Structure formats: C-alpha cells, structure tokens
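Residue numbers (numbering that gives the first Met the number 0), protein chains in the order written: chain D, 0 to 809; chain L, 0 to 340.
If you're looking for bench data, these hints aren't it; they were derived computationally from the structure. Treat the hints loosely; a few may be bogus.
[Stated by the list, open to error] So the derived label-pair ranges between C-beta atoms look like this:
1) L:LYS185 / D:ASN163: 35 to 43 Å
2) L:THR278 / D:PRO41: 38 to 46 Å
3) L:GLY277 / D:VAL235: 33 to 41 Å
4) D:SER449 / L:THR278: 35 to 43 Å
What you are looking at is a predicted structure, and each value in this text was computed from that prediction instead of being measured. We treat Cβ as the ideally placed atom computed from N, Cα and C, and that holds for glycine.
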Amino acid sequence: MKVSLNWLRRLLPGLSADVETVSRTLTSLGLEVEGIEDQAAPYGGLVVGKVRECGPHPDSDHLHVTKLFDGKEELQVVCGAPNVAAGQTVVFAPVGCSLPMDGQTVKLKKAKLRGVESFGMICGEDEIGLGTDHSGILLLDDSLEAGTRVVDVPGLYDVVFEINVTPNRPDALSHVGVARELGAALGLELVMPEAEFAEAAPAASTRIAVEIEPGCGCGHYVARVVDGVKVGPSPVWMQRLLRAVGLRPISNVVDVTNFVLMELGQPLHAFDAAKISSGKLRARRGRAGEVLRTLDGQDRKIGPEDLLICDGDVPACAAGVMGGADTEVTDATTSVALESAWFEPAVIRRQAKRIGLSSDSSYRFERGVDPLAQDYASRRAASLLASLCGGTVREGSVEVFAEGHRREPLKVSLRHSRVKTILGYDPGADRTASLLEGIGLRVLSRDGDSVLFEVPGWRPDLEREIDLIEEVARLEGYDKIPTNYPSFALSNVPLPKAERVRRVVRRVLAASGLDEGLSLRFESQANLDAVFAEDDPRRVAVKLLNPLSENWGAMSTSPIPRMFQIVSANARNGEPSVRFFEATRVFAPSGAAPTAKDPGVVESDRLAMVAAGEWGGGGAPRQVDFFDLKGIAENLFRELGVDVEFRRAKTARPYAHPHRHAELFLGGRLLGELFEAHPAMRGKFEFDALRTVVADLDFDMLAEAALPERLFAPFSRFGAVPRDISLLVDERVDQAEVFEKLAAIKAANRVDLRFVSSYVGKGVPEGKRNLLYQSVYQSRTGSLTDDEVNKAQEKFIAAVEALGGIEVRK
Amino acid sequence: MDLKPIEELRARFGEKLAELDTTNLQAVADFRTRFLGKKGEIVALLKQMGSLLPEERPQFGQRVNDLKSMAEAAIEAALAKARETRMNRELEAGWIDVTEPGRAVRAGSLHPLIETREQVIDFFRGLGFEVAGGREIETDWYNFEALNIPPDHPARDMQDTFYVADGVVLRTQTSGVQIHVMENQKPPIRMIAPGHVYRCDADATHAPMFQQVEGLVVDEGISFADLKGILFLWARELFGEGTRIRFRPSFFPFTEPSAEMDVSCFDCGGKGCRTCKGTGWIEIGGCGSVDPAVFERVGVDPERYTGFAFGFGIDRIAMVKRKISEIGLLTANDNRFARQF
C-alpha cells in the first residue's frame with residue numbers, strides 16, 4: 000500500500016517528524032516500510048521565479064522573451080508556453096540545474112532560441128514530475144518568495160511510503176488508518192475528514208430503492224444521490240494525492256470515490272443514476288448464464304457464487320470488484336447514485352479470484368472493511384461531490400442492513416494477568432488500557448483482573464483476548480519485552496537415525512571425491528518417459544496442478560533423470576568432470592484418495608551418486624568407469640557397517656548400459672542400482688563426451704540397517720598362509736557365481752577366500768577369462784606347516800576341478 | 000717353507016685392487032669372489048696347507064690369514080664405497096618436481112546449505128530440542144487449516160501454493176510439523192523440524208523449493224520473553240558474539256503476538272552496508288507465541304499451556320553468511336559453485 004506523507008499531514012496537522020522517523024515508527028508498529036520514494040529528490044535545483052516582464056520574441060510567433068527574477072538577479076529567459084505573462088509566480092530551472100528528461104538526468108545549459116539567449120527555463124508541471132499537463136507552465140501561489148526552493152513549497156512534492164500491510168490489518172489500508180497508528184505512537188491528534196454538506200429535497204429514496212437478497216453476501220448498503228453534478232477534472236491537489244498513491248485521475252466523480260477509498264479504506268461505487276432505469280439497486284447472487292460487461296469493456300460470465308448489484312434485475316456491477324459499463328459515470332452524467340456497502344470478505348475473495356481481477360476495492364473487502372463505517376464514508380464522498388463537482392445532495396440516504404449484519408462494536412475482555420503470562424512482561428494495568436485506548440478502544444467496565452473493551456469497527460481482527468494482548472505488545476514496542484532464558488527439565492535428545500546416517504554418508508562421499516548436490520524435486524513427464532520403460536512405476540508421478548513450467552510439472556519419482564541433467568548442465572559449461580551425490584526425496588501416488596489428513600502420496604528418501612567424465616588425480620586423467628563408483632559405494636557400505644551384494648541386473652532398463660548394470664541387495668531386499676548410463680541417454684541428455692556412472696539407493700533402507708554397533712571378533716595370533724588358485728572360465732561368467740561355488744567348498748583351516756584379479760588377453764584362450772583367487776589358511780591353535788596348507792589346497796583344487804566348467808590352471 | 004706363493008698373491012691382490020673400478024658394485028663383488036670366494040685364490044692357498052709339514056702349518060696359516068684379513072678389509076671398504084656411489088647415483092636419478100599435483104581423487108565438497116542445516120540442528124539439540132521430520136506433500140488441513148488459515152482467508156495470499164489435488168499441496172511452510180507433533184505428543188514439547196518447503200515463485204531471491212527450520216516450544220509458563228531469549232542465543236550462535244536482535248510486529252495466522260526477527264548486520268555491525276542493503280539489519284525469519292486457536296485444534300489446553308514457534312529460511316541464512324548472490328545457485332549443482340566449498 001502506498002501512503003502519501005502529504006496526505007498523512009492533512010490528517011495529522013501536528014506531524015512534523017522527518018521522513019526517517021515516520022518510516023521507523025511505522026515499521027516498529029508492524030506497518031513495515033519496504034520502500035520510500037521521495038518525489039522531490041531529482042528537483043532540488045528548481046527555484047520560485049517571478050516573471051517581471053514578458054514580451055514577444057523578435058523572430059518567432061509563439062516564443063516569448065521574459066525578464067525573470069530568481070531571488071537574486073533578473074535573467075532573460077525565453078519561454079514557449081502560451082500562458083506565460085508578466086506578474087506570474089513560476090517554477091524556474093536555472094542554468095546548471097539538473098532535471099530528469101526522457102529517463103536521463105540532463106544538466107541545463109545556456110541556450111540560444113532563434114537567436115535570443117535564454118538563461119534557464121520556466122517549467123510546466125509535466126517537466127518537473129508533478130503531472131501530465133503539457134499545455135503550459137505551472138503557476139504557483141503569488142505569496143511565494145522568489146528564490147525559494149520549489150521542493151520546499153508545501154503540498155507540491157510528496158514522499159510516498161510503500162508499506163507492507165499484513166492481511167490482518169485492513170484498517171491500515173487507508174490513510175486514516177495509518178495516520179491513526181502514527182498519531183498514537185507520536186502523540187498526535189487525528190483530525191477526521193469532514194463529512195458535512197447541505198441536503199436538498201427531494202429525498203434520495205424517491206429516486207433509488209435498495210434491496211438485499213438474504214444470504215447473498217451483502218451485509219449493509221447505503222445509497223445517496225447527488226444531482227446536478229458537473230463532470231470534469233478534479234482539483235489539482237486531489238490529482239496529486241491520487242497520483243502519489245499510484246492512481247490515475249479520471250474525472251472528479253470517479254476521483255472522489257477513489258480518494259475516499261484511499262482516505263478511509265471504504266470502497267465506493269458511483270453509478271450514473273439516470274442509467275438505473277428500474278430505480279432499484281438490488282444485491283443478489285448471480286445466475287448461470289448471466290453476463291456483465293465491466294468497466295474495462297470485458298464481458299464477464301457470471302455464476303451463482305457471484306455477488307451482483309443489479310439495476311432491478313439487470314446485473315450492473317460485480318459487487319466489490321468492478322463496476323459495470325452500462326451504468327458507468329461518463330462526462331454526460333449529471334446525477335450520481337453513490338454506493339457504500341459492506342460485503343462478506345470470503346464472497347468477494349472468491350469472486351475476485353474467479354473473475355481474475357484484484358482491484359483496490361476487492362483487496363479491501365476481502366480483508367474486511369469496517370462494518371460500521373458505510374454511512375460516514377458515504378457522507379464524506381457526498382460532501383466532496385457537493386463541493387468539488389457542483390452537486391446537490393438529495394435528502395437522507397437509503398440504508399439497508401442484511402439480517403445478522405453486525406451493527407454494534409465488538410466487546411472483548413482482557414485479563415491483565417494473561418498479558419503477563421503471554422508476554423513475560425507487565426506494562427501495568429493502566430498502561431495496558433491507555434495503549435489500547437490510543438488506537439480507539441474504549442474501556443466499558445472493569446472486574447478485578449479483567450477489563451471489558453469496546454473495539455472500534457475498523458479493527459475486525461480484534462476479536463479475542465489474545466488479539467488485544469498482541470496489540471499491547473505491538474504498541475508498547477517489542478523491544479520493551481525482556482529477553483529471558485527459560486529453564487527446561489533436562490532430557491537427552493538423540494539425533495534421529497536417518498540424520499546420523501546422513502552425516503556419515505555426506506562425509507564419506509565427499510572424502511571419496513563427490514560433491515554434495517541439492518536439486519529441485521521437480522521433473523518433467525517427458526524426462527520420465529525418456530528414462531523409464533512404460534511399465535516402470537517411476538514413470539507415474541505426482542503431478543502439479545499449477546506448475547511453474549512444463550519442465551517442472553511432476554514431482555520427482557527417481558533421482559536418475561536428475562543425475563543425467565546434472566551431468567548435462569555441467570557438460571554444457573565445458574566441465575570435463577562431474578561428480579555429485581545427493582540425498583533426496585521422491586514421491587509416488589499411494590493409490591488412496593486423499594483425505595483431510597492423508598495426502599495420498601508416498602514419500603521416500605533416496606541416495607544418488609553420479610560420476611562422469613574424467614576421473615583420477617595427477618597427470619593423466621581417464622574416463623570414469625563402473626568400478627570407480629562401485630568402489631566408492633563399497634567403501635560407503637563398509638563405513639556404514641552394512642553388507643551389500645552386487646548382482647548383475649536381470650531386467651534391461653532404458654537408462655542403463657545392458658552389460659554394466661548391477662542391482663544391489665541388502666539383506667535380500669533390493670537396495671538400489673549402480674550402472675553406467677546407456678549411450679542413448681548420453682545422446683538424449685547431451686553429455687555424449689562424458690562416460691557416466693550412476694548409483695541410486697534406497698536411503699530409508701540403508702539408514703535403517705546402517706551403523707550397527709561394531710563388535711570385536713578375536714583373531715588368531717598365528718601366521719596366515721596364502722595360496723593362489725588360477726582358473727579359466729567362460730568369458731561372460733560373473734566371478735560372483737564362481738566365487739559362490741568356491742566358497743561352498745569346505746577346506747580345512749581356510750579363513751578367507753578372496754577374488755584377486757581377472758584377465759583376458761595373451762595366454763588366455765579366445766572366449767575364456769582367467770580368474771585369480773586366493774585362499775588364506777590360518778589356525779587358531781598353532782602355526783600351520785607347509786604340508787598342512789598344501790594338502791588342504793590340493794584337496795580344494797581337486798574339488799574345484801570336480802565342479803566341471805572351470806579349468807584350474809597350474 | 001716356501002712363503003713365496005703368499006707374497007705373490009698379496010702382490011697380485013694389491014695390483015688388482017688398484018685396478019679395480021670401485022664404483023662398480025658388480026666388479027667389486029666379482030673381485031671378492033675371485034679372492035675370497037669358496038673357490039677363490041686365498042682359500043686355494045689355505046688348501047695347500049695339507050702338503051706342508053705339521054710344524055710349518057701354523058706360520059703358513061698365520062700368514063694366509065693375515066692376507067685374508069687384509070683382503071677382507073680392503074674389499075669391505077671397496078664395497079662400501081661402491082654402495083655409496085650407487086646410492087648417490089640413484090638419489091640423483093630420483094629427482095622429482097614436488098610441486099606437481101598429488102594423485103588422489105580430489106575430495107568433494109559439502110553443500111553450504113546442508114552445512115547450515117546441520118549447524119541449526121546441533122544448536123537446538125544442544126538446548127534439548129528434538130528433531131522432527133515431515134512430509135513435503137501435505138494436506139490442506141496440516142498446511143493451512145490447522146494453522147488457523149481457513150479457506151478463502153487472505154493470509155493464503157502470503158504464500159503462493161503449488162497444488163497437487165484439491166486439498167493437497169506442496170507444503171508452503173514447515174509449520175505443519177507443529178500440528179503433527181502436537182497431535183502425537185503431549186506437552187512439554189521442544190522440537191525443531193528442518194525441511195524443504197515449496198512456493199510457486201522463482202526469481203533471484205525466491206526459489207520454488209527452499210529449506211526452512213521450524214521450532215516449537217510448548218510448556219506451562221512459556222512467554223514471548225522466552226522466545227526472545229532462545230532466538231537471541233541462536234542469533235549469536237549464527238552470527239557471532241556481538242550480534243543484536245530486533246523484533247518487529249508482524250502477522251502469522253498461527254502465532255500471536257507475531258514478529259519478524261532481524262539480526263544486526265554481521266558485516267557492518269549495524270551501520271549499513273551492501274549485505275544489509277543499508278538498513279543495518281538482516282531479516283532472518285518469523286516467530287511468535289502459539290495462537291490459542293492452534294492449541295484448540297490439536298486438543299492442547301491454551302489456558303494451561305503456552306508456547307512459541309519460529310520459522311527461518313535456512314537458504315537465506317546460508318546465502319547471507321556465504322554471500323551467495325542468487326538462490327538458484329543453491330540447487331543448480333554447478334561445478335563452479337560446488338567446488339568453492
């Protein structure tokens with residue numbers, strides 16, 4: 000909300016505080032000043048000038064040559080304005096002063112106009128930021144002294160505060176409301192705007208009747224009629240104030256309604272009374288199929304939830320949001336029917352949303368205007384229409400209340416003891432009462448600890464004791480409340496398991512060379528379709544109804560597409576190497592319909608890793624491969640104390656290289672996958688040059704099993720003896736299968752069996768692979784002799800040979 | 000007794016030793032074998048003793064042993080010299096450029112936002128706050144209604160909400176965790192809930208997903224002054240000893256009184272600079288006393304219990320502290336960002 004300092008000064012005549020103090024005070028009251036616009040700032044060089052002589056230009060029929068007194072000397076100034084004349088008091092821009100022109104700041108120089116020198120410029124209002132009138136120069140009050148800085152002339156330039164008004168404070172959406180707060184804080188008296196005018200017969204009711212359909216959402220309606228109105232521009236002072244708060248002056252009648260809106264916070268609407276052909280204004284709900292052409296010329300479809308003001312039965316106005324074109328005030332209007340009404344906040348809010356139009360009016364109605372102030376606002380507007388538009392106000396008003404509309408101020412009681420409990424601070428009973436009285440509350444009665452207050456209508460937010468306690472704190476200032484350190488009963492609070500595991504994971508993976516990533520948890524359906532097969536449940540995402548873009552239309556179902564995108568984005572930046580890990584969350588529809596307490600979504604946490612492009616340190620980096628990331632994963636599992644088995648993936652996936660794809664199992668359950676990205680993905684996501692390996696793990700499962708208490712296992716103090724066994728197997732047999740068979744063979748005193756290496760090449764027949772394993776023999780009771788070991792190993796070898804399909808190389 | 004062969008051998012040894020290339024370890028070893036080996040010349044002399052008269056043997060033996068000792072000493076010296084020479088040569092050959100980079104895979108970085116999150120958790124856990132989690136897709140009830148934000152309330156405009164279905168949203172605030180906790184736990188309650196939240200908004204200072212931390216304390220006799228105390232300690236933990244705090248009145252439907260907390264700018268100490276946009280203060284988050292309406296919705300007696308709640312943007316804290324200019328960088332997974340931490 001834009002608040003004009005000049006406007007505040009009209010309401011708080013005693014206001015002399017500087018801009019900084021006003022700003023600070025408003026902020027400390029909870030009316031946060033988010034910006035200050037000093038309109039005068041660019042115009043400090045302008046001075047008041049007196050036109051002493053004015054004659055024709057020798058070489059032009061529209062230019063004038065004047066003698067201008069700037070307070071110190073008389074200067075020759077050429078002026079092209081048709082309205083310049085001797086004896087005028089004008090705005091003078093001397094040579095050397097800076098003015099904003101066409102978005103730039105221009106320093107004024109001595110000029111020659113058709114051969115006549117000019118030592119400065121006499122300004123029009125459009126040239127000095129005071130309006131749009133380009134027809135001539137701006138004339139100032141003759142009582143001003145020559146040489147006075149124009150920015151110091153009262154009422155010309157304004158300071159505008161941009162205030163962030165929280166939704167609970169509809170009262171602060173008006174200058175009176177802001178002035179009331181400021182006045183209470185600075186000890187200044189608020190002078191309410193005048194609402195006096197002469198009335199003349201006949202009565203308003205002879206022209207307009209008002210009817211409210213029960214339950215339609217209109218609580219209170221006041222209509223006045225002003226005849227004999229002459230539509231024209233509104234006075235300059237009003238235009239300036241409206242412009243300062245961001246409104247465009249339109250005509251005196253419309254400007255008056257906008258002015259009162261900004262002054263009192265009560266939205267008004269002016270109908271051309273002659274166009275209310277039925278003579279009756281009726282508030283009712285809309286009907287399906289109805290159409291209303293609004294002031295902006297658009298035809299709006301009306302539904303049964305909309306609230307209309309009708310001319311008889313014909314829609315004339317979308318109540319509280321925007322007027323209709325058919326009953327609009329125009330230059331030809333002479334008689335105005337003035338609406339001042341109270342509409343139900345939720346009804347207007349829904350209406351404004353449906354129409355897709357938030358107006359100054361709807362904004363205030365949906366936050367709640369003072370239910371007791373319609374008549375005052377109507378009178379205020381009528382007085383302005385009478386004084387500024389030449390109108391005559393008809394006698395009386397037509398005022399209708401809907402049943403149930405609150406016609407009395409609220410009464411709220413406050414226990415002083417409760418103030419202390421909530422705030423931890425006691426301002427004292429008297430101080431508490433006087434703070435509340437300062438913003439318009441009244442003490443009705445006292446009963447021991449408890450005081451009954453009457454709450455003014457402009458504070459619909461003050462309904463409960465706690466609301467009053469907040470007011471006390473706010474008005475006293477939060478810095479008056481002490482800083483206290485509460486004492487709590489001691490208790491131990493363990494870090495949740497998942498958090499404990501997360502911390503280990505972060506540090507292990509970072510130490511392994513992966514950077515910690517963090518991604519938005521949005522995904523595009525197109526990516527899901529590209530990465531996952533048709534029957535893959537990860538293709539089915541929780542969809543957003545209002546995504547920021549199609550690319551972010553679905554909630555993430557898997558980190559895999561995201562890992563590809565991370566590589567892709569970095570590859571585009573020319574990065575030769577990309578390595579990230581991320582603990583993240585994925586979402587899936589649960590299949591159940593949402594209820595009040597169940598959103599119908601299953602959330603689970605994943606741990607993802609990606610390594611792409613160059614790997615290794617020092618001199619000659621190489622492309623990362625499957626085993627680089629597998630090694631990192633294995634180290635992580637060792638650190639977490641979990642036993643994870645890697646198996647060749649059985650199902651082909653579009654995202655994974657068919658032969659470089661492992662599934663990981665923990666306690667027999669699928670923990671996740673580790674794979675090299677399918678070359679098709681490298682093309683699709685545009686990281687062709689970077690070989691990419693990805694791991695995607697179920698973090699919830701991992702966290703549950705991780706970090707068991709590690710127990711000590713006694714070890715033998717006698718020497719361990721290794722024996723190698725070299726095998727020839729079919730090339731495409733997984734060593735894990737071979738290992739399983741070897742491990743199943745019992746051998747005396749064997750304490751360990753290890754895979755050592757795999758070899759294909761010279762000395763190995765085509766289609767075969769050489770696998771080297773090592774058995775380790777050790778006894779708990781004594782040193783083994785070579786003989787004992789050899790015997791055991793020979794027996795072992797014989798058993799391996801007996802397996803078939805495996806050739807033992809000797 | 001003919002001692003001549005001994006003298007001849009001694010002479011020959013001396014002669015050959017003089018010719019020996021004592022920098023060549025192999026040559027020295029061969030030399031040793033020639034004279035002192037099992038089949039070497041000195042051993043051969045000793046073997047001749049059998050042909051001598053018994054009375055001649057001691058003297059002959061003595062002589063040969065003298066020669067042998069002399070030879071051993073000489074060869075040992077030559078060997079030592081040869082070894083040293085070889086070692087020196089190897090050392091010389093072992094020149095490396097120690098300023099070349101090491102060979103390990105470069106260690107990765109920890110995300111500044113998640114570091115801040117850990118700092119938050121550790122601080123409040125130290126004060127005895129439990130750490131709660133929560134779901135990110137939430138029902139209208141938990142995200143709004145139970146927090147005293149009815150449908151069609153203008154307070155809903157304070158947050159641009161992503162909708163998944165009618166009545167199901169991406170949570171706009173971690174405050175809903177308050178409700179989950181109070182539904183399941185009787186006071187006293189002291190908890191924090193760090194987590195991701197979503198707003199339908201994206202520019203240099205707004206991200207559609209960011210992290211908040213929610214805090215909640217409910218007990219008998221908890222006041223706004225206690226809230227100020229806890230958050231004052233928190234501000235000092237974050238921004239250092241000299242930090243001051245400021246509370247400004249604000250509005251949240253689920254707290255009353257409500258406040259925005261500012262901390263004095265840690266860069267300029269409050270004088271005004273770029274970090275604090277000239278105001279001397281940095282806005283950190285919202286807080287307030289728990290609104291009795293919230294207590295009533297979860298069945299906590301507001302006459303007996305009072306409490307406070309707060310919510311801070313973790314992104315904001317991390318950004319201010321690390322001078323991160325754009326919130327989008329936090330979720331870009333860009334090497335150029337990540338590798339700075």
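Status of each hint after checking the structure:
About 38 Å separates the C-beta atoms of LYS185 of chain L and ASN163 of chain D, a value consistent with the hinted range of 35 to 43 Å. A hinted range of 38 to 46 Å is violated for the C-beta pair THR278 of chain L and PRO41 of chain D, which are about 23 Å apart. Distance hint for GLY277 of chain L and VAL235 of chain D: a CB-CB separation of about 35 Å, consistent with the stated range 33 to 41 Å. Between SER449 of chain D and THR278 of chain L the Cβ separation comes to about 41 Å, which falls inside the hinted range of 35 to 43 Å.
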